[in-house]
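Trainee: Protein sequence lines, in the order shown, are assigned to chains S and R.
Residue numbers are given in my numbering: position 283 of the first sequence equals residue 283, and the series is strictly consecutive.
Residue numbers are given in my numbering: position 32 of the second sequence equals residue 32, and the series is strictly consecutive.
Bear in mind the hints are in silico, worked out from the structure with no lab data behind them.
Every residue, glycine too, gets a C-beta built ideally from N, C-alpha and C.
Hints may be right or wrong, so weigh each one.
What the hints assert, rightly or not - No more than 16 Å apart at the CA atoms, straight line, and that leaves these computed lysine to aspartate or glutamate pairs for EDC-like: (1) S/Lys194 with S/Asp181; (2) R/Lys93 with S/Glu255; (3) R/Lys23 with R/Glu63; (4) R/Lys77 with S/Glu255; (5) S/Lys232 with R/Asp104; (6) R/Lys195 with R/Glu225; (7) R/Lys93 with S/Asp192; (8) R/Lys58 with S/Glu244; (9) R/Lys93 with R/Asp62; (10) R/Lys23 with R/Glu225; (11) S/Lys232 with R/Asp128.
To be verified - Short derived list, chain S residues pointing at chain R, Cβ under 7 Å: (12) Phe5; (13) Gly198; (14) Phe233.
Unchecked claim - Computed spacing ranges between beta-carbons, pair by pair: (15) R/Thr138 with S/Phe151: 39 to 49 Å; (16) S/Arg370 with R/Gly232: 52 to 62 Å; (17) R/Glu196 with S/Arg370: 34 to 44 Å; (18) R/Asp62 with S/Ala172: 47 to 57 Å; (19) R/Glu169 with S/Leu47: 52 to 62 Å; (20) S/Gly320 with R/Asp62: 39 to 49 Å; (21) R/Glu133 with S/Phe332: 50 to 60 Å; (22) R/Gly70 with S/Leu346: 49 to 59 Å; (23) R/Asn44 with S/Arg12: 49 to 59 Å; (24) R/Arg140 with S/Arg370: 24 to 34 Å; (25) S/Leu10 with R/Val116: 50 to 60 Å; (26) R/Met210 with S/Ala172: 52 to 62 Å; (27) R/Asn44 with S/Leu343: 24 to 34 Å.
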Amino acid sequence: MITSFLIRSLDRTIVIAVAILLALAVLVPALNLLTSADHPLHVPTYLVSLFGKYLTYALLALALDLVWGFCGILSLGHAAFFALGGYAMGMYLMRQIGARGSYGNPLLPDFMVFLNWKELPWFWYGFDMFWFAALMVIVVPGLIAFVFGWFAFRSRVNGVYLSIITQAMTYALLLAFFRNDMGFGGNNGLTDFKDILGFNIQADGTRGALFAASALALAASLVITSGIVRSKFGKVLVALRDAESRTRFLGYRVEHMKLFAFTVSAMMAGVAGALYVPQVGIINPGEFEPGNSIEVVIWTAVGGRGTLVGPIIGAILVNGGKSIFTAAFPEFWLFALGGLFVLVTLFLPKGVVGTALQYVSRRRAYREARNHKDAGLPAAEPLAAE
Amino acid sequence: MTEKRPKNLLYLDGVSVSFDGFKALNSLSFIVEPGELRAIIGPNGAGKTTMMDIITGKTRPDEGAVFFKGDIDLTRKDEAEIAQLGIGRKFQKPTVFESHTVWDNLELALNRRRGVFATLFYRLTGEDKARIEEILSTVRLTGRRDDLAANLSHGQKQWLEIGMLLAQEPELLLVDEPVAGMTDAETAETAVLLKEIARTRSVVVVEHDMGFIRDLGVKVTCLAEGSVLAEGSIDFVSNDPKVIENYLGR
Chain S
1 MITSFLIRSL
11 DRTIVIAVAI
21 LLALAVLVPA
31 LNLLTSADHP
41 LHVPTYLVSL
51 FGKYLTYALL
61 ALALDLVWGF
71 CGILSLGHAA
81 FFALGGYAMG
91 MYLMRQIGAR
101 GSYGNPLLPD
111 FMVFLNWKEL
121 PWFWYGFDMF
131 WFAALMVIVV
141 PGLIAFVFGW
151 FAFRSRVNGV
161 YLSIITQAMT
171 YALLLAFFRN
181 DMGFGGNNGL
191 TDFKDILGFN
201 IQADGTRGAL
211 FAASALALAA
221 SLVITSGIVR
231 SKFGKVLVAL
241 RDAESRTRFL
251 GYRVEHMKLF
261 AFTVSAMMAG
271 VAGALYVPQV
281 GIINPGEFEP
291 GNSIEVVIWT
301 AVGGRGTLVG
311 PIIGAILVNG
321 GKSIFTAAFP
331 EFWLFALGGL
341 FVLVTLFLPK
351 GVVGTALQYV
361 SRRRAYREAR
371 NHKDAGLPAA
381 EPLAAE
Chain R
1 MTEKRPKNLL
11 YLDGVSVSFD
21 GFKALNSLSF
31 IVEPGELRAI
41 IGPNGAGKTT
51 MMDIITGKTR
61 PDEGAVFFKG
71 DIDLTRKDEA
81 EIAQLGIGRK
91 FQKPTVFESH
101 TVWDNLELAL
111 NRRRGVFATL
121 FYRLTGEDKA
131 RIEEILSTVR
141 LTGRRDDLAA
151 NLSHGQKQWL
161 EIGMLLAQEP
171 ELLLVDEPVA
181 GMTDAETAET
191 AVLLKEIART
201 RSVVVVEHDM
211 GFIRDLGVKV
221 TCLAEGSVLA
231 EGSIDFVSND
241 PKVIENYLGR
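Take these sequences, add in the hints, and give me the full structure.
Mentor: Shown next, in the form of structure tokens:
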């Protein structure tokens, strides 16, 4: 059952993308660790972390594409699930600091000592164990998405209204996490991490391993997402995206279908956040900023929504552009981003990858039609009038 | 419920519904027997589509009873449940899934388990394949099985939708204006197709085209202002003075 699900997921594009990701997972850390700094192929550590970060963004964009591209749910709150996964990982990293904090308290993270707290809040229990934190990285965003989606989809909230309440959700979480008494470090968030699984978080080796983990997580998510959208379930998702009430009249429980896709997507976003935090070294409520979620939408749109590889390419392209652009003209980045969104919507509605795929399939159809003609066969079937 | 109901396939009694004060249905009563093919006519706003909305769970009636197969209360169920019970519906405007191929449209409609995990791990069996191929030839779309539904002509979309309804294997089929916008030849073929379908299940057809209804040659119900005006053979109904005044005369 599972194997047929996985085999179906592997078409040529996915195999190539997974192969590239696996190669990167090995090559980039190897070139960083095994070559000396003046070697022409040397990858500096800061680039390893930078591209590791891009890969987690790509995973977030892929997660959004599952709900937006295939299911028609334009979530403007996906960065919230990313941040929740990030906080779960951040809590683990805080507890790893132990007595090495500025206040030297073996149990309480610095900000709690500073706030004069005497004991660890109950929701911090268990986060000293990696397996528990890793579980929470998936469970917490998944649970919040499940509860949110349960109410939203059951009440048949659709389209722009749904987008607005997802935006409200991330904003509410932003305000909540800003509060000191929430117990997540207030506006400073969680930072000053020392080590992960016993390895120094600053070390080149650890950075390489985090990069490899990000590439592997992205590859695995790509295979899972591809399996989902290529199954009959995926066909139902596309069907309800295009004609929701028709799908209901076929007997499908549209709200269950959406809920499943939304929850899986939130879990992937959580994993992305958890891999992001150790690579950038901080998580704070700014990650819940509504603008962040909208940026994810832009990455996905630029790459091509409804294609699986598109959002990955879009996330890397836009963020690469952002890194270069913000260094050269820092004040103009937001204008450039807005302009990019407008241009893509107007001229490349299917995004970079979608447009390329369309071109390839048109060429193929054209060539087939010509071959038919050359062979003297009657044209397959005249195209019906629209 | 202690009252004994007759074993009708579909039983509507005293159904009323109003939208913002407008009475779309006014104590409508209506019965369909198993295996029956029934045509419904009536002027615009007579409540034909509202009636279908009520039967398929899209709209809840303000009052009245709607029962399926004797004792299943349809007013308490939603669209998906009612579809799974075996009531299929074809809309006025052809609504097929345009970004799916003809084949996938039928595969989605096929009467199989429809849960999240059942569809996630679904595999096309030989039996399902044969069934889809059979339907493709019934609705005359075998040659276009791998084309996107978006590229079909209007008449072909209507047939694909009828094919999807066949794949659903409903016991009761509600068809809303199946020949609107079709050519005469397509209309005649659709009449043959519907009669074929009605051999194994009940069909209710809403239509404006009197010629088409004559082709079907079945019992006709005329609705006006939300209730039944006349019922009987096409000749009987079309000679009824009330029907002439309300519908045909206009």
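Trainee: Take the hints in turn and mark each one as holding or not.
Mentor: Now for the hints, and whether the structure bears them out:
no. : hint                               : result
1   : S/Lys194 with S/Asp181             : 24 Å, violated
2   : R/Lys93 with S/Glu255              : 24 Å, violated
3   : R/Lys23 with R/Glu63               : 12 Å, holds
4   : R/Lys77 with S/Glu255              : 15 Å, holds
5   : S/Lys232 with R/Asp104             : 9 Å, holds
6   : R/Lys195 with R/Glu225             : 29 Å, violated
7   : R/Lys93 with S/Asp192              : 61 Å, violated
8   : R/Lys58 with S/Glu244              : 13 Å, holds
9   : R/Lys93 with R/Asp62               : 27 Å, violated
10  : R/Lys23 with R/Glu225              : 8 Å, holds
11  : S/Lys232 with R/Asp128             : 13 Å, holds
12  : Phe5                               : 6 Å, holds
13  : Gly198                             : 38 Å, violated
14  : Phe233                             : 4 Å, holds
15  : R/Thr138 with S/Phe151: 39 to 49 Å : 43 Å, holds
16  : S/Arg370 with R/Gly232: 52 to 62 Å : 60 Å, holds
17  : R/Glu196 with S/Arg370: 34 to 44 Å : 40 Å, holds
18  : R/Asp62 with S/Ala172: 47 to 57 Å  : 38 Å, violated
19  : R/Glu169 with S/Leu47: 52 to 62 Å  : 59 Å, holds
20  : S/Gly320 with R/Asp62: 39 to 49 Å  : 60 Å, violated
21  : R/Glu133 with S/Phe332: 50 to 60 Å : 59 Å, holds
22  : R/Gly70 with S/Leu346: 49 to 59 Å  : 58 Å, holds
23  : R/Asn44 with S/Arg12: 49 to 59 Å   : 53 Å, holds
24  : R/Arg140 with S/Arg370: 24 to 34 Å : 28 Å, holds
25  : S/Leu10 with R/Val116: 50 to 60 Å  : 22 Å, violated
26  : R/Met210 with S/Ala172: 52 to 62 Å : 59 Å, holds
27  : R/Asn44 with S/Leu343: 24 to 34 Å  : 46 Å, violated
In this structure, the hints that do not hold are numbers 1, 2, 6, 7, 9, 13, 18, 20, 25 and 27, in rising order.
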